[in-house]
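Chains as they are written, first to last, in this note's numbering: chain A, 1 to 243; chain B, 1 to 180.
Be aware that one or more of the hints could be misleading.
Claimed, not checked - List of simulated lysine to aspartate or glutamate pairs, EDC-like, C-alpha gap at most 20 Å:
| id | chain 1 | residue 1 | chain 2 | residue 2 |
| --- | --- | --- | --- | --- |
| 1 | B | K32 | B | E6 |
| 2 | A | K74 | B | D137 |
| 3 | A | K74 | B | D46 |
Everything labelled a hint here was simulated from the structure, so no lab data went into it. Computed from a predicted structure; not experimentally measured.
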Amino acid sequence: MTSADDGERDGGDMNILAGEYVLGVLPLAERQRVEARLRDDRVLAAAVAGWERDLSALNAEYGEATPPASTLAKVEARLFAAASVSAGRSPFMSIWNSLLLWRSLAFASVAALIGYLALADISASPSANAPLVAQLSGDKEGSLTLLARYDASSGRLQLTPISAGPAAEHSLELWLVPGGENPAISLGVLPQTGEGAVEVPAQLRPRLGEGVTFAVSLEPLGGSPDGKPTGPVIAVGKAHQTF
Amino acid sequence: MSSESEIAALIQRLALRDRAALAQLYNTVSPKLFGVCMRILRDRSDAEDALQEVFVKIWQRADRFSLAGTSPVGWMVAIARNHSIDKLRSRKPLGDSLDAAREIADTGRDPEAHTVLKSEGRRVDRCMGELEADRADAVRNAYVEGLSYQELAERYSVPLNTMRTWLRRSLLKLRECLDR
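All chains, please: the whole structure from these sequences, using the hints.
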């Protein structure tokens with residue numbers, strides 16, 4: 001049995017090709033040919049599905065490994081930033097555009113960070129006094145990592161830096177991105193270190209819940225000149241209350 | 001890990017574009033999927049990039065997840081394996097070409113260092129048992145580690161064409177046994 005690789009297979013060979021594909025032994029070009037065929041070749045697709053089902057018992061051989069803490073935030077930023085852009089027209093698109101721009105710079109700049117905001121909701125009720133704890137973290141040298149703690153009873157959002165942020169010629173501005181067609185709302189300029197507390201205005205407090213996005217952008221010293229985010233977003237994260 | 005039905009329900013919520021479900025699913029299955037990416041790519045940074053891609057694909061394909069197919073974890077592991085293997089192959093385009101067919105003599109690598117599957121008497125294990133031991137081993141290593149024909153030939157110190165023949169015959173026998 002020598003090479004019969006290029007489109008000469010049929011019948012019983014179909015099952016072998018499907019098996020080779022599922023095992024993963026084929027070179028890239030052949031894998032891609034199989035994947036292209038899978039879109040409209042239902043017989044081949046069924047053969048692949050059969051192998052995947054039958055060999056899945058071997059998945060027990062894979063152990064578990066802990067991924068970096070920032071990975072989920074990166075996934076969310078990619079999926080939901082893209083969704084916002086395709087939705088278009090939104091007045092806070094600039095925040096997402098700058099995020100995409102930043103992403104395309106491939107972690108090259110000091111702003112190389114997507115924050116991960118995990119709102120660990122201790123209590124079942126958002127109005128309870130238990131604080132919400134959030135971490136905006138980056139994984140690159142020189143990136144900004146912040147710990148945020150929101151006390152719903154006082155409306156105070158306390159931010160504590162864990163690692164140093166970007167160089168000092170910019171201000172860090174914290175934004176609430178409410179979602180939908182609503183523009184980003186400034187929650188204030190953070191001190192250069194990232195350390196500080198933000199008094200969340202009373203009318204905004206009900207909006208601190210599931211589905212809101214927080215972002216930190218780099219702005220000219222003193223903050224955005226026009227009340228909208230203008231600089232690159234160096235940290236962004238979504239609030240979840242799922243646990 | 002949550003039950004299969006809970007994980008299936010999370011995937012169905014992804015199809016409804018439920019972002020909270022994504023975080024929940026991530027927390028539940030990312031260690032397993034990262035384990036898959038690490039095992040195949042053998043590089044932490046590549047594996048992390050792969051894991052991102054895998055979850056993007058899971059989100060995008062959630063509406064095609066079918067309860068009638070494999071288990072929900074099996075479905076996601078297949079996505080992780082396929083993506084990791086594609087990355088692996090594109091990382092080393094030359095050595096893997098079947099046309100390049102460099103016959104490797106004996107590099108004499110010892111095919112010992114792999115875990116023996118803790119068999120639970122499943123069908124595939126029984127059928128693997130009907131293969132010669134080293135051929136079953138080659139099938140298992142191809143699947144688990146994403147080895148190419150070339151790498152398998154090197155590991156088992158056989159010419160590339162021999163390895164290809166071995167593996168195809170093994171697949172044929174496996175298919176017959178599995179369909180029995």
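> Can you list which hints this structure breaks, lowest number first?
Replying inline: 2
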